[in-house]
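**Student:** Residue strings, one per chain:
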Amino acid sequence: MADSTSNGTLDGVPTLSQIFFTFLAIAISGFGGVMPWAHRMLVEKKGWLSHEKFAEDVALAQFLPGPNIINLSIVVGSRWRGPLGALVACVGLMIAPIVLMMIFGELYSRFGDASWLNGPLEGLSAWAVGLIVAMTAKLARPMFHSRRYMAIFFAAVAFVAVGFLRVPLWWALIALGPLSVAAFWWRLR
Amino acid sequence: MRDDSPINSFILLSLLLSFAAVGGVNAVIPELHRQVVEVNGWLNDRQFADMFAIANASPGPNMLIVTLIGHSLGGFSGAILATLALCTPTCLLTYAVGHLWERFKDAPWRIAVQAGLIPVTVGLIAASAYLLARAADHSVAAYALTLSTAAISYFTRLNPLWLMGVAAALGYGGFI
Numbered sequence: 000m001a002d003s004t005s006n007g008t009l010d011g012v013p014t015l016s017q018i019f020f021t022f023l024a025i026a027i028s029g030f031g032g033v034m035p036w037a038h039r040m041l042v043e044k045k046g047w048l049s050h051e052k053f054a055e056d057v058a059l060a061q062f063l064p065g066p067n068i069i070n071l072s073i074v075v076g077s078r079w080r081g082p083l084g085a086l087v088a089c090v091g092l093m094i095a096p097i098v099l100m101m102i103f104g105e106l107y108s109r110f111g112d113a114s115w116l117n118g119p120l121e122g123l124s125a126w127a128v129g130l131i132v133a134m135t136a137k138l139a140r141p142m143f144h145s146r147r148y149m150a151i152f153f154a155a156v157a158f159v160a161v162g163f164l165r166v167p168l169w170w171a172l173i174a175l176g177p178l179s180v181a182a183f184w185w186r187l188r
Numbered sequence: 000m001r002d003d004s005p006i007n008s009f010i011l012l013s014l015l016l017s018f019a020a021v022g023g024v025n026a027v028i029p030e031l032h033r034q035v036v037e038v039n040g041w042l043n044d045r046q047f048a049d050m051f052a053i054a055n056a057s058p059g060p061n062m063l064i065v066t067l068i069g070h071s072l073g074g075f076s077g078a079i080l081a082t083l084a085l086c087t088p089t090c091l092l093t094y095a096v097g098h099l100w101e102r103f104k105d106a107p108w109r110i111a112v113q114a115g116l117i118p119v120t121v122g123l124i125a126a127s128a129y130l131l132a133r134a135a136d137h138s139v140a141a142y143a144l145t146l147s148t149a150a151i152s153y154f155t156r157l158n159p160l161w162l163m164g165v166a167a168a169l170g171y172g173g174f175i
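Taken in sequence, the protein lines are chains A and B. Residue numbering for the first sequence follows numbering that gives the first Met the number 0, beginning at 0 and increasing consecutively. Residue numbering for the second sequence follows numbering that gives the first Met the number 0, beginning at 0 and increasing consecutively.
None of these hints come from the bench; they were simulated from the model. Honestly, I wouldn't trust all of these hints.
With a straight-line cut-off of 20 Å between C-alpha atoms, the simulated EDC-like cross-links for lysine to aspartate or glutamate are [as the list claims (entries may be wrong)]:
#1 A:44 / A:55
#2 A:52 / B:3
#3 B:104 / A:105
#4 A:52 / B:37
#5 B:104 / A:51
#6 A:45 / A:55
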């Protein structure tokens, strides 16, 4: 790979192999969340995206359904190299973790009941739940900070409906999604 | 493979959840848990919590729990098909919408849609946290570990890998 410009690409646009290996590196560094590593690689290390552009792309990736980081790889890859760029970015991101999961899945099906593994798995489960609790708190903070009561209301309804009443996700989304969007539409008008 | 075998049903479920994963895969964890553990009994609470932990302790996107469940129900092909089912529809959607997005960046309807969906997403992720805590934490010590992990990752920028090592060691020592 010849690096001839400051951002490490020939024409300012990353090549397919650069896209592939960059997303591969992002995936295998991404312990406990891949998005921070995507920012580190794409913005800080490679300089392929500005902070602003990255934030815009992440907003789009979160807004669309599906795993956020995979959506991000599609948006970024397709902007650089069209459909092939999107495919290469997505495959680069997914391939190593999937292989790893199949190895872990195989190990778990053989040793999952082994008594020496019970303890560490109990500890890891409690840890993993802690991360998601922290993520919830970070996501909810702006609502409470700026006292957006309507947002807090809809978040609370979704939480109670799905967490306590065990309403199927579809019903919750179909009922709450349009209501919430309509309420904000009316408010923002 | 029969049409109603668990892995076929699970692949179909992944395909459907793909479209419901607004705000990421953490938002569909409650439905995944409901279908896999409560409705169909393919896994028990313990196995579900273990797989969530393994997926989170591994590098990569946090949707990997679907790969693990696919593996346990249908081996290697099950793992790959369930993962593809979860990713492909939304990848195509993202590819199609990505090009239109910038044109509508300041459109009022788009701002309302985003503002309206965020709170629902936050509520769903909170429900995930609650349900996973109930599935994973079986002792006061486990709840304490969950809360300390949450507090440390909320208030500091400590690499979560350190906490992961501590959590595994505490578990191995029989403290959890």
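**Student:** Give a verdict on every hint.
**Tutor:** Structure-based check of all given hints:
{"no.": "1", "hint": "A:44 / A:55", "in the structure": "holds, 19 Å"}
{"no.": "2", "hint": "A:52 / B:3", "in the structure": "violated, 45 Å"}
{"no.": "3", "hint": "B:104 / A:105", "in the structure": "violated, 45 Å"}
{"no.": "4", "hint": "A:52 / B:37", "in the structure": "violated, 42 Å"}
{"no.": "5", "hint": "B:104 / A:51", "in the structure": "holds, 14 Å"}
{"no.": "6", "hint": "A:45 / A:55", "in the structure": "holds, 18 Å"}
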